[in-house]
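Asker: The residues making up each chain are set out below.
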Amino acid sequence: MMKEGVKYTGVPSAEELEQIPGIAGEARFEEGPVAVIECVQEIPCNPCEKACPFGAIAVGQPITNLPVLDEAKCTGCGSCLAKCPGLAIFLVHKNYTEATALVEFPFEYLPLPKAGDTVACGGRDGAYVCDGRVVKVNQNKAFDGTTLVSVEVPKKYYMTVRTICRKGRA
Amino acid sequence: MRKVQVIVIGAGPAGLAACIEIAKAGGKAVLIDENGKPGGQLFKQIHKFFGSREHRAGVRGYNIGNQLLKETEDLGVEVFLDSPVYGLFRHPEGILVSYMHEGRERGLVGEKVILATGAAENALTFPGGTLPGVMGAGCAQTMINVNRVLPGEKIIMVGSGNVGLIVSYQLMQAGADVLALIEAAPSIGGYGVHAGKIRRAGVPILVGHTIKRVIGREQVEAVEIVALDEKFREIPGTEQTVACDTVCIAVGLTPLTELAWMAGCEFAFIPALGGHIPIHDGDMATTVAGLYVAGDIAGAEEASTAMEEGRLAGIAASEALGLYGPATAAPLKEAVWTRMDALRTGPFGQKRYEAKAQMLEIAKGGKQ
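Chains A and B, in that order, are what the protein sequence lines are.
Read in order, the letters of the first sequence are residues 132 to 301 in the numbering used here.
Read in order, the letters of the second sequence are residues 167 to 534 in the numbering used here.
No wet-lab data here; the hints were simulated from the structure.
For glycine and all other residues, C-beta sits at the position ideal for the given N, C-alpha and C.
Keep in mind that a hint or two might mislead.
Stated by the list, open to error - Straight-line Cα separation of at most 27 Å, DSS-like style, residue types lysine-lysine; simulated pairs:
1. B:Lys320 with A:Lys298
2. B:Lys320 with A:Lys181
3. A:Lys134 with B:Lys378
4. A:Lys181 with B:Lys499
5. A:Lys272 with A:Lys286
6. A:Lys134 with B:Lys517
Said to hold, decoys possible - One-sided and incomplete, this derived list gives chain A residues near chain B with beta-carbon spacing under 8 Å:
7. Lys181
8. Asp275
9. Arg297
Please construct the entire structure, taking both the sequences and the accompanying hints into account.
Answerer: This is how it looks when you write it as structure tokens:
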């Protein structure tokens, strides 16, 4: 039987995601965009703490602590996304429109999508979830080669979609 | 024969960091490397590093390499490239380092010598393992990130440590498809966030699987994999054949210790650090007077701890040369230890922390 969890599959289980301090409560998602820090293992790493201009992310000492998100301080600016070496921070705007959510994630493959494209969106395991519309492709120089892609997807997938499906070789 | 205060062998992160500390102390260091360019493995690390700000976390490895090179240049460190060191010998004024350059044997005497020779990739033996297309993951990483050559288009990665996970990711960035990553152990060895990146790209990670054989006439054409039980025995009937053109092996590193053996260092066998390791104390000093180790030769870890160990060896060698008094050196060394301990905490660092503590005990004369 396949065991669940990041140690066995590389994908954090629902239970693991529930237990970590980097994800805001349900109510916060209703209010506006918020960072989702899917960091479930105690590894020595803390750039996210300094990346937040509002002091909404705390790691402290030892640096293996899991990052703690202060959901009240997080403005959903997305400054932390490209700073995470693990590419484990996402920006989720659940109520982007009445029917859709906006999910922003780091993407470091070519070819890059273009704003307006309809793309296949995938989950944490890379499997297809739904089609989405690319809203923004952000290649800010400060991101040091990491591109942030925002996709608009049906609202129910706001905690499911985490990437666009990488296209393999033809 | 020319004599210098310190000779550092190996221009990777540990060796560069050691030279920087010696130069900062006002000492004269010569850095010798067999390669045509300094930097060791740093220039193929195109991902953003982990750690804290002091470890330049969030900066891509090759940029850390560029920063280190600039610092060594600014500090006037002399670098001998294309110069493989083949021998260390006792000398009345220190240690004689013999090396080759442009086909000729040359020598240089160092009052102190720091070995920062790194580590080599482990091999894995299976039928078909000598076919073209089977290679170390580090080799594939050098091909794509340094030489910009794609080793293949359909890749099977063996080993789920951070090297296997990161190189899988980078092979996809370079345009290859990674068909699967297989791992004999029942769980993933490296960081979950690295595993998560390749999972989001659709790569299956098969724990409890190994490679049975590679199939091909002139080159890799397919690989047969098989599931393993909890005692690492093959489970009959679980064989699957996957068509591919490249098999990358990422099953750990072994410290490159030849020069330390030759110099007469005493060794300890510590599997968590990669096998036989020259015994070294809290100053990175070996059992041979004037000889230090730093980086993967002192236990295979990663670039951030290698840089810290290089700094520590550099500070300690400077102190031994009288460039620093003990009162100046102590807080500098303490600061390195604090940063290094931070890198060895948590579930991934604990084993290495304990192994290094064991090494300190051995160096103090405790039982192995």
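Asker: Each hint needs a verdict: does it hold in this structure or not?
Answerer: Checked hints:
1. B:Lys320 with A:Lys298: Holds, at roughly 14 Å.
2. B:Lys320 with A:Lys181: This hinted pair is violated, its Cα atoms lying about 39 Å apart.
3. A:Lys134 with B:Lys378: holds, 23 Å
4. A:Lys181 with B:Lys499: holds, 26 Å
5. A:Lys272 with A:Lys286: Cα-Cα ~31 Å, so violated.
6. A:Lys134 with B:Lys517: holds, 24 Å
7. Lys181: At about 6 Å, which falls below the 8 Å cut-off, the nearest Cβ of chain B leaves the hint on Lys181 (chain A) intact, so it holds.
8. Asp275: Check passed: Cβ of Asp275 (chain A) comes within 6 Å of chain B, closer than 8 Å.
9. Arg297: Holds, because the Cβ-Cβ distance from Arg297 (chain A) to chain B comes to roughly 4 Å (cut-off 8 Å).
Checked against the numbered hints above, the structure violates hints 2, 5; every other hint is satisfied.
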